[in-house]
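Undergrad: Sequence:
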Amino acid sequence: MVSSSAAFLVHHGLRAQFLSRSACFADNGIALRFADTEELFSAPMDGRPVLVPALSGADHELIRAIRAVRCMEPVVGVVDDINGHQTFEAMQSGASSVFNVRLPWERQIAVLDLLQASSFGSAETRPTARSAEKVAADSAALNLDAENAELIELLCGNARISTIAQQLYCSERSLYRRIRRLYEQVGVTGRAELRRRSAKLTAV
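First residue of the sequence shown? That's 1 in my numbering, and the numbers climb one at a time after it.
I should point out that these hints are in silico values taken from the structure, not numbers from a laboratory. Beta carbons are placed, not taken as given, at the ideal position from N, Cα and C, and that holds for glycine. Among the hints, a few may not be true.
[Said to hold, decoys possible] Here are the computed distance ranges between Cβ atoms for each label pair:
no., residue 1, residue 2, range
1, Pro-104, Arg-177, 19 to 27 Å
2, Asp-36, Asn-158, 31 to 39 Å
3, Cys-170, Ser-56, 25 to 33 Å
4, Leu-19, Tyr-169, 41 to 49 Å
The whole structure should be built from the sequences, with the hints applied where relevant.
TA: Spelled out as structure tokens, the structure:
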């Protein structure tokens with residue numbers, strides 16, 4: 001079990017919902033520490049995910065503010081999303097990833113553990129240009145077409161979604177829809193998990 005001092009930080013507004021699923025987190029060896037807004041800014045930065053609601057304009061402003069302070073840590077927007085809109089708004093506000101309460105919790109909780117291990121760009125997990133090219137070369141193993149292979153290569157780099165959208169000559173909204181379909185096809189729930197899977201595919 002993860003000690004409380006090293007637990008994932010969760011906004012206090014999510015307490016009731018997340019406590020009701022506490023057994024799922026315990027099964028994955030993850031402890032939660034519910035924190036008020038001030039503590040989300042002041043808690044030590046140790047690479048562990050910070051979970052914040054991402055349902056309203058005020059929530060999005062909070063994500064932006066936390067991202068400005070915890071710029072190298074995973075900030076996870078918690079959404080209740082059926083059409084991709086809340087996911088888009090959360091990512092647009094600076095969330096590293098989203099936790100959709102409408103999707104299976106067990107899989108997403110496992111991804112949270114991967115997020116804190118990779119911390120979105122640590123030297124150990126950041127794919128190199130060579131590995132990104134190899135992902136495209138191995139796209140047949142994932143049954144991907146050339147366009148999706150290119151998208152994976154871009155997502156395995158360090159470019160922001162807005163930059164990728166410009167490179168692909170599409171809007172960010174349409175790109176998020178495309179990314180969501182890609183994640184479903186590949187069997188991942190976020191960019192960090194995609195990077196880790198890409199690293200496994202390209203290991204030699």
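Undergrad: Does each hint fit the structure? Answer for all of them.
TA: A quick look at each hint next to the structure:
| no. | hint | in the structure |
| --- | --- | --- |
| 1 | Pro-104 - Arg-177: 19 to 27 Å | 21 Å, holds |
| 2 | Asp-36 - Asn-158: 31 to 39 Å | 33 Å, holds |
| 3 | Cys-170 - Ser-56: 25 to 33 Å | 27 Å, holds |
| 4 | Leu-19 - Tyr-169: 41 to 49 Å | 45 Å, holds |
Of the numbered hints stated above, none is contradicted by the structure.
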